[in-house]
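Participant: All chains should be modelled from the sequences, with the hints used to inform the complete structure.
Chains A and B, in that order, give the protein sequences. First residue of the first sequence: 288, per the numbering used here; consecutive thereafter. First residue of the second sequence: 52, per the numbering used here; consecutive thereafter.
Errors might be hidden in some of the hints.
[Claimed, not checked] Computed footprint of chain B on chain A, listed as stretches where at least three residues anywhere in the stretch have a Cβ under 8 Å from a Cβ of chain B:
| hint | stretch |
| --- | --- |
| 1 | 690–702 |
| 2 | 730–738 |
[To be verified] Think about it this way: if two alpha-carbon atoms lie no more than 20 Å apart in a straight line, the pair counts; the simulated EDC-like pairs of lysine to aspartate or glutamate are:
| hint | chain 1 | residue 1 | chain 2 | residue 2 |
| --- | --- | --- | --- | --- |
| 3 | A | Lys785 | A | Glu749 |
| 4 | A | Lys785 | A | Glu742 |
| 5 | A | Lys337 | A | Asp518 |
| 6 | A | Lys697 | B | Asp117 |
| 7 | A | Lys705 | B | Asp258 |
| 8 | A | Lys549 | A | Asp518 |
| 9 | A | Lys548 | A | Asp527 |
| 10 | A | Lys697 | B | Glu244 |
| 11 | A | Lys337 | A | Asp310 |
Don't read these hints as lab results, they were simulated from the structure. Yeah, the Cβ is synthetic: ideal placement off N, Cα and C, and Gly gets one too.
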Amino acid sequence: MAKKKPKPSKVDRNAASDLPLLDIHDLTVEFATRRGVVRAVQHINLTVAKGETVGIVGESGSGKSVTSYAVMRILDRAGSIAEGSVMFSGLDLRGIPESDMRDMRGREMSMIFQSPRLALNPIRKVGHQIEDVLLQHAQVDSDAVSERAIKTLEQVRIARSRERYHAYPFELSGGMCQRVVIALALACRPQLLIADEPTTGLDVTTQKAVMDLVVELTRERGMSTILITHDLGLAAAYCDRVVVMEKGHIVETAASSSIFKKPSHAYTRKLMRATPRPGVSLRDLLPEGETPRPKATAKTADKKSSASKTKAGTEAPLLVIEKLVKEYPRQGGAASFMKMFSRKPAAEPDMFRAVDGISFQIARGESVGLVGESGCGKSTTSMMLMRLIDKTSGLIMFNGEDIGEIPARKFATLPQRKMIQMVFQDPTDSLNPRFTGARAIADPLLQLGGISRGEVRSRCEELATLVGLPLNLLDRFPHQLSGGQKARVGIARAIALKPDLIILDEPTAALDVSVQAVVLNLLQDLKDSLGMSYLFVSHDLNVVRLLCDRVIVMRSGQIVEQGATESVMVAPQASYTRDLLAAIPHPPV
Amino acid sequence: MTETSLTMTPAASAQPNPPVNLPPSNSVLRHARYVVEENPVTGLSFALFVIIALCALIGPYIVPYDPLASNTTATLQAPSLHHWFGTDQLGRDIFSRVVVATRLDFVIAIASVAMVFVLGGLAGISAGFFLGWTDRIVGRISDTIMAFPLFVLAMGIVAALGNTVTNIVIATAIINFPLYVRVARAEANVRREAGFVQAARLSGNGDFRILLMHILPNIMPIMMVQISLTMGYAILNAAGLSFIGLGVKPPTPEWGIMVAEGATNIISGEWWVAFFPGAALMIAVFCFNLLGDGLRDLVDPQRRT
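Facilitator: Written as structure tokens, this is what we have:
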């Protein structure tokens with residue numbers, strides 16, 4: 288970064304047409320940190336031809352996002368391109384002054400970010416945000432700009448675009464927001480689109496719609512696309528070529544049609560094995576050669592016995608839910624403001640039923656999957672079962688006792704609290720940042736475990752061993768642990784009190800696939816050895832299938848289908864379940 | 052960017068691979084060193100703080116003159132080798148008085164900040180956590196206090212309760228109350244839905260335990276900044292009250308009174324009578340304001356990677 292290359296002369300675009308659109312040569316990106324210089328990306332070579340779609344796949348920390356930031360030259364202050372060159376249609380991007388670069392972004396190359404809500408300005412109408420981009424790059428004069436913005440919204444299939452032009456981001460759904468972000472990125476017809484995890488956090492049906500849209504729009508415009516994702520299946524389904532990155536290196540580049548058939552690098556094979564897909568069992572996800580624990584070898588037998596136990600236990604199920612309802616008042620700022628001044632008695636209160644009369648049972652030792660897209664009421668249901676929020680009506684019978692009648696506020700200190708525990712979705716958010724791992728695991732033991740302070744440490748170590756957490760990590764704070772290690776702390780905390788039922792709220796949603804494979808196997812091992820029941824809440828049918836005996840599919844607060852996992856997966860009865868299954872990206876086989 | 056890498060590289064090369072598990076005391080010191088190295092202004096403010104604290108602790112034993120002893124033969128002398136900061140109308144040594152006054156101002160500031168931290172902080176996090184009536188009551192109380200011009204309110208409280216150091220402390224605490232309530236309320240409110248609070252509930256923690264063991268420690272970094280900023284403000288407020296004749300009574304050495312006494316001498320050319328206590332006041336307030344940033348870096352575990 289010390290010596291600057293001479294400013295490149297403007298290259299004639301037409302003369303450069305035989306060149307690849309983007310040519311990354313020997314790129315190394317460094318970050319200056321407290322612990323010295325970290326090389327996030329090391330000596331990578333990557334080309335993207337005109338009209339080509341390239342997928343960059345890797346787990347967190349593999350340097351895939353950093354590569355794209357380096358191309359856009361939006362690395363933060365501590366990061367810099369140390370070596371190599373980035374040629375964009377014949378121009379060396381490293382030598383271009385920042386003012387020209389600003390011009391290029393959006394017009395020549397643009398980017399779709401991971402979280403559509405964060406990428407949009409929350410207090411500006413989406414139409415105006417599109418206009419900003421158009422005007423910035425002088426694509427259109429100011430009289431015609433609003434018509435052009437509406438047309439852009441139409442192109443990303445936003446219905447009633449004339450009305451939606453006036454919408455604020457918070458008035459649109461997540462999928463709709465991502466479409467607006469795509470509209471922003473494509474408004475100036477750039478040559479290169481970088482999509483950084485564009486569908487993470489979106490439902491699987493929305494993911495399909497968004498990805499189909501991106502591919503269609505870029506194809507018809509002859510644009511090149513770089514799709515950055517952690518999902519090998521998604522990349523293989525939508526890209527021409529797939530680049531696999533690990534720890535800052537490119538380990539494999541292959542056509543997406545061949546990468547699933549004959550992955551050449553060990554890491555690709557590991558990644559592929561770990562990706563949940565139809566027709567594999569839980570144990571198949573672990574890397575080759577890594578034998579499951581001795582307990583698990585008898586797993587099939589275990590499963591049989593637990594299944595027979597399930598049958599024996601049918602007369603007394605662990606948990607019975609009947610006609611469970613949760614209502615929330617619809618909140619409108621203006622409406623409640625008017626209510627303060629109006630003398631008329633309030634009209635029929637406008638209630639929203641998040642959970643609308645659902646009934647199901649969980650037997651002892653059984654694991655049940657609760658599947659649905661965001662907003663279907665699955666989290667509300669789990670919070671009610673967890674007794675963190677109160678139900679509106681219905682029955683929650685646990686172990687023959689009606690725990691639904693106990694107010695949630697009082698439940699925390701009751702002995703029944705021990706019996707139902709939870710593993711949270713986000714392992715980072717669910718650990719107190721000021722508690723060490725040991726302190727987090729000890730918390731339930733100290734409050735409800737009834738064991739003396741002297742024994743706590745040894746019990747913590749026992750639990751850590753059980754969940755496979757190295758003992759020397761127990762004294763670290765959450766921010767010093769990796770995602771998988773934090774997940775293990777969360778699981779150890781949940782099983783500390785030997786509960787009968789554990790609710791798993793998307794426990795692997797924030798984890799890399801290889802870590803997810805390990806954690807899912809760990810959960811299965813724990814269930815086999817401790818005989819707990821699981822309620823696995825997730826949006827991912829492929830993950831639920833691996834762990835659960837039975838599946839319940841929810842939509843808008845109601846159960847649309849429930850049954851044994853295999854029969855739901857193979858022969859879904861409800862059309863909604865079929866939609867969900869169809870939307871999972873299928874790599875070309 | 053070049054600047055960062057320049058300052059970073061020596062530190063990095065000195066410890067290429069620091070051991071992962073260090074004894075806690077060592078890591079705290081190391082962290083403190085890092086914070087100071089990264090931001091030299093923090094180091095300056097810590098140094099100033101140590102000087103002020105030393106003056107407050109041992110000031111009365113090291114000063115060259117008795118701060119109360121008047122000397123009619125040497126009134127209003129300019130700064131010299133004998134009297135570093137000169138002398139006042141009664142011939143008292145201003146340097147001795149400035150140093151000795153540190154303790155009183157320091158004690159007032161610490162006592163009032165400690166008081167408002169406990170009361171305002173607890174009221175604020177309860178309001179942010181329980182919401183409902185707790186929030187309404189605490190919120191309206193702090194709104195009411197905010198409705199007064201704060202210094203006038205402090206004057207009124209001291210005038211009504213009586214002219215003592217205790218009442219200055221109480222008045223200073225009351226006028227800072229809304230600041231603490233607002234910060235603590237906002238921070239607690241953000242964290243009340245956090246995953247770790249839910250998890251604490253599952254672990255069998257009652258509301259008050261969650262508040263004290265889980266939420267309070269997590270908002271300490273931001274409260275430390277608040278504490279440091281209000282320390283400066285509390286010193287200024289105490290001096291201000293004394294300046295207008297409410298609060299500490301003469302002849303007790305106190306920066307506010309000394310500035311007030313010296314103010315009349317400025318036009319006649321004896322600037323040092325008001326200047327040195329005023330400068331001491333300014334430096335103290337300046338030091339506490341700078342300290343805030345450094346303290347936040349020190350107590351935040353996220354910074355301790």
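Participant: Does each hint hold? Answer for all of them.
Facilitator: Here is what the structure says about each hint:
| no. | hint | in the structure |
| --- | --- | --- |
| 1 | 690–702 | holds (count 3) |
| 2 | 730–738 | holds (count 4) |
| 3 | A:Lys785 <-> A:Glu749 | holds (13 Å) |
| 4 | A:Lys785 <-> A:Glu742 | holds (16 Å) |
| 5 | A:Lys337 <-> A:Asp518 | violated (24 Å) |
| 6 | A:Lys697 <-> B:Asp117 | violated (63 Å) |
| 7 | A:Lys705 <-> B:Asp258 | holds (17 Å) |
| 8 | A:Lys549 <-> A:Asp518 | holds (18 Å) |
| 9 | A:Lys548 <-> A:Asp527 | holds (15 Å) |
| 10 | A:Lys697 <-> B:Glu244 | holds (17 Å) |
| 11 | A:Lys337 <-> A:Asp310 | holds (11 Å) |
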